[in-house]
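For what it's worth, the UniProt record's numbering labels the leading residue of the sequence shown as 1, then goes sequentially.
These aren't lab readings, by the way, just hints derived from the structure by calculation. Please note: incorrect hints may appear among the correct ones.
Stated by the list, open to error - Only pairs whose alpha carbons sit at most 20 Å apart, straight line, appear in this in silico PhoX-like list of lysine-lysine:
hint : residue 1 : residue 2
1    : 476       : 445
2    : 394       : 380
3    : 398       : 355
4    : 46        : 221
5    : 507       : 466
6    : 421       : 431
7    : 87        : 425
8    : 450       : 355
9    : 421       : 87
10   : 425       : 88
11   : 41        : 249
12   : 398       : 430
13   : 425       : 398
14   : 421       : 88
15   : 431       : 87
16   : 507       : 445
17   : 88        : 160
18   : 249       : 221
19   : 369       : 431
Computed from a predicted model, the values in this text were never measured in an experiment.
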Amino acid sequence: MKSDIQIAQAAEMKEIREIAADLGLDESDLELYGKYKAKIKLTALKREYKKSAGKLVLVTAITPTPAGEGKTTTTVGLGQALNRLGKKAVIAIREPSLGPTMGIKGGAAGGGYAQVVPMEDINLHFTGDIHAIGVAHNLLAAAIDNHIKQGNELRIDPTKITFKRVVDMNDRALRETVIGLGGSKNGQPREDGFQITVASEVMAILCLANDLMELKEKLGKIVIGYNYNGESVTAADLNVAGAMTALLKDAIKPNLVQTLENTPAFIHGGPFANIAHGCNSIMATKLALGLGEIAVTEAGFGADLGAEKFYNIKSRFANLNPDAAVLVATIRALKMHGGVELAELEQENLAALEKGISNLEKHLENMAKFGVPVVVAINKFPTDSEAEINLVRKKCEKIGVEVALSEVWEHGGQGGEELAKAVIKLLENKKSKFKFLYNVEQPIKDKISKIAREIYGAVGVNYSEKALQQIKQYQKQGYNNLPICMAKTQSSISDNPALKGRPSGFKISVKSINLSAGAGFLVVMTGPVLTMPGLPKTPAAEAIDIDENGKISGLF
């Protein structure tokens, strides 16, 4: 079979004008970025928001493993399959970060015959949104140090600055830095550091804003640190929220592209799910709901991270009521959760599979707590045996959850028809009773405990002294009533990446709690979570090349 990029480069794309017209959008609603990409103007957004009559389907997954789960591939393939069955489906997903694209994860445009295109553009710069977010973020960072250099009227304490700089690349050497060296002309020396751009609060804000003015308001609320009296200092205090918003005037507009089968797809925003809230923008999702009969979206990593945050954070801020969910699993990944090594996954192993299914069962229990009906999608690999597939089916039937095979990687929309039929059946026969896991009015520690115990299965939470002091500070400052954004490893339901399957008897360790006042949540740091990833020994970048005709190879 051809590689992902070879399949994408052979795609017969429609001009984006045609894709937009099929959605009911006029060319005057578009800002074209060549023939195959467009942004949707804010005037069209306001008009389509008022409709929002579509059904909302969330695609999530079991705990990720190196064997792969194929969540984005399933999302894209499901959208294609729904359209094959006569449903007007619109996809809404995140845009890729250059860090993982050049690192170990690769791009985020789906795979096989379930991809969004133009694949190279989407994975490399796209329409420049992430770069704009990085520039807006770093404008605020520059304003902080300039204010201190120019007399420090706000009396900012350089040792209490919490706002780091960003860059859209995995670069571990930038995690901890010292800036302002070289004498007083270069400012005041202080410790600083970098995050990857998709971990920026500005990224989270763009994805959680409902319109341009709300974006500006939220940017102004960003707390950059504290003054010598211990009082918070914001972007509004530094008078740069307006300039930051101006830099984001185009980035806030959702991007319209298409799949290999010409299904419309909005790709907009890309916060990580292990260190941020892991969902595409509210604006893109609402646009998909306004223009389509069924909006298919996804949340990052496993359901303990992406889905939990989609429900408790994004749905809360956007007033969304998800109608159904798809939980993606692979036989390969479940066997890894049962103790099988990566090199041995092609061999049938029912004992390990039965043990690993505990991970799937835990995620299904968690999803039930939100009241949204679920179907399990088995992302089928050629090495999966009938006995293994039947074992997963029987386990899910015992729980009362429907299962469908998905072969979209190999067969595109046609390979997703069984799954699409199951989703349609779910939408028609089971009414969602969506509810939040916790009330934001609860104390901070109660909200953290609720997530740790009910979603992760922890027996308790251990707090560092620093975290306890931060909780007291945030309560005193009036930030008690914010949702919780857990920063946790994606490799385990617990905060220990080595614990596979369904861990038990553990406690979650909270190292610190970061305030994202602009985005409107508290980021709870647990375990060994880094907001600036590093490149692997052999980065994906080493396989990427381009010829004299501009044709790219090695991108995946």
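Each hint tested on the structure:
no.: 1; hint: 476 to 445; result: holds (14 Å)
no.: 2; hint: 394 to 380; result: holds (16 Å)
no.: 3; hint: 398 to 355; result: holds (16 Å)
no.: 4; hint: 46 to 221; result: violated (24 Å)
no.: 5; hint: 507 to 466; result: holds (18 Å)
no.: 6; hint: 421 to 431; result: holds (16 Å)
no.: 7; hint: 87 to 425; result: holds (13 Å)
no.: 8; hint: 450 to 355; result: violated (26 Å)
no.: 9; hint: 421 to 87; result: holds (11 Å)
no.: 10; hint: 425 to 88; result: holds (16 Å)
no.: 11; hint: 41 to 249; result: holds (10 Å)
no.: 12; hint: 398 to 430; result: holds (18 Å)
no.: 13; hint: 425 to 398; result: holds (19 Å)
no.: 14; hint: 421 to 88; result: holds (14 Å)
no.: 15; hint: 431 to 87; result: holds (19 Å)
no.: 16; hint: 507 to 445; result: holds (14 Å)
no.: 17; hint: 88 to 160; result: violated (51 Å)
no.: 18; hint: 249 to 221; result: holds (18 Å)
no.: 19; hint: 369 to 431; result: holds (15 Å)
Checked against the numbered hints above, the structure violates hints 4, 8, 17; every other hint is satisfied.
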